[in-house]
Amino acid sequence: MAVGWVDNLNLQSIKIENSISTADTMAQENNTFIKDSFLLSNKYAEELYHKYAAPQPIIDYHNHLLPAEIVADRQFENISKVWLSGDHYKWRAMRALGVNELFITGEASDEEKFLAWAKTVPHTLRNPLFHWTHLELKRYFGIDELLNEKSGPEIYKEVNRQLQLKENSCRGLLKQMNVEAVCTTEDPLDTLDQHRAYDSKVGGVKMSTAFRPDKAILIDAEGFNDYLNQLEEVSGITIATYDDLKEALRQRIDFFNENGCRLCDHGLNQISWVTATETEIKEFFKKRRGGASLSAKEAEQFKTAILLFLGETYHELGWVQQFHLGALRNNNKRMLAQLGPDTGWDSIGDYTQAESLSNFLNALDSKDKLTKTIIYNLNPSDNEVMATMIGNFNDGSVKGKVQLGSGWWFLDQKDGMEKQMNALSNMGLISCFVGMLTDSRSFLSFPRHEYFRRVLCNLFGKEMASGELPNDMDLVGKTIADVSYNNAKEYFNF
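Numbering (UniProt numbering), first residue to last: 1 to 494.
Think of the hints as simulated: they come from the structure by calculation, not from any bench.
The reader is advised that the hints may include incorrect statements.
Claimed, not checked - Derived CB-CB ranges, DEER-like:
no.	residue 1	residue 2	range
1	L317	K399	14 to 24 Å
2	L336	Q176	34 to 44 Å
3	N471	E258	19 to 29 Å
4	N392	F309	50 to 60 Å
In this text, a Cβ means the ideal position worked out from N, Cα and C, and glycines have one as well.
Model the full assembly from the supplied sequences, consistent with the hints where possible.
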C-alpha cells in the first residue's frame, strides 16, 4: 500500500507539473495572441497580408498630429504623454468602468494614469482598444505581454526606458512603421510656420497640411464673430461683409496652397442644402456680424453658400475635399463645461444625409467644378446610401474621383471596416479605394494601418477559400497592394 501511495503521489505530482506546464504554455500563448496570423483566418489571407500588404509604406493622409512635435522631433517623457493624453477612446472606456476622472484628465500623476489604464485593459475584451493596445506595445516596444494591473508597473518602466532612445523620437516612431507621408490638419488661422520649417529630407517623412475651415462656416456657433476677428488679423482683411469673408478665406487658401497644401477637411453633422440669393446671404452675414442671431434656416442657407464657394475654390486649385459627416457632438453639457470639446462626449448622429449631399455634389458637378471628394460616414446605417451616392458623381475623369472614406471614429474597428468595405464592394469598386488613415492625435496609432490591412486581407482571403474569388494571388494581391498604398499614392500625389 505504501508503494501504491507513493506511486499515486508521484502520479499526482506529474499531473500537477503537467498542469503547471500547460498553464504556462496557455499563458504564453495568451501573451502572444498577436501572432503573424493575427486576424488572418486562412493561408490565403496570410499570404495576401505578408506578401502584398505588409511591405507597403504608409500614407497617412488625414490625422491630427502636432507638426511642432515632428519638427522638434520630440522625445516623449513617458508613455502617458504619448499614449493617454488626448485619447478619448481610452477615456470613455475608463469612465465606463467607473474610474475617477482624477486618473483620466485630472491631476493624478502620469504613472497613476497609466496604471489606471492598465487596470482597465482586461475589461476591454472585444473592444478594439484591447487589440490596439497590445498591437502598439508589441510593434513599437517589443512587449508581448498582456497589459493589466499586475504587469502595468514593469511595462510602464520598460516603455519609458525605450522612449528615451533616439529611435523612439517622434520621427523615429514614424520611421519604424514605414510611414512615407503624413497630412496634419490646420485651421485657416495657422501660420504654417512648422510646416515651412520642416525639411522632409532631414526628417525622413513627408509632412503636409489640410485646410480645416469649420469655424468660418458654423455661423450659428457662439464664438463665430470672435473667430472672424482673428481671421481679420491673420489675413489682413477687414471682414465686414460676406464678400470680405470670401476674400479672407481665399487669401488663406492661397497661402496654404503656396505652402504645399492639397487637401481640405470639413467636420459637419451633415451637408447643408437650403438655398438663398446672394443678396440674402449678404444680409444674413451682416446681421450676424452685427451681433444678432440667425434663424436655423438662415444659418443653413449661409452654410450652403459658403460650402459651395469653398468647393469651387478647391476645384480651381485641384485639391481633394474631405467631409466627415454624422457626428452628434458635445452631448454631455455638464462635462463639456468642465473639460471642453473633444474629451469624449460625442456619439453617432442619425441625420438625414442623402438629399442634401446629392444636391451639394450636383451643384458643383453641374458647373464642372466638383473636385476629388472623400465622404466619411459615421452612421453605419448610411453605408449603402453613401456608397451609391459616390457612384453618381464618378464621371470617368479620374480613377475613384469620389470616394467612400474608410470607417472612422466609432467605426474604425474590425466590424466597422468590414461593413464599409462590403458596402463599397457591393455598390462600387473597392479596387479604387484609397484605404486607411489614422485620424489620430497619437504617434503610437500607426499600427492601425496594419490592423486595417489584416482585416482587408482576411476579407479577400475568406472569399478565396470559399471559391467566391479565384485562387489567383497576382490578381487579388494587386488589389490588396493598391488599397494599402498605391491608390493613395496616385490619388493624393503628395
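Hint check:
1. L317 <-> K399: 14 to 24 Å: 20 Å, holds
2. L336 <-> Q176: 34 to 44 Å: Given a distance of about 36 Å, which is inside 34 to 44 Å, the answer is holds.
3. N471 <-> E258: 19 to 29 Å: 51 Å, violated
4. N392 <-> F309: 50 to 60 Å: At roughly 22 Å between Cβ atoms, F309 and N392 fall outside 50 to 60 Å, so the hint is violated.
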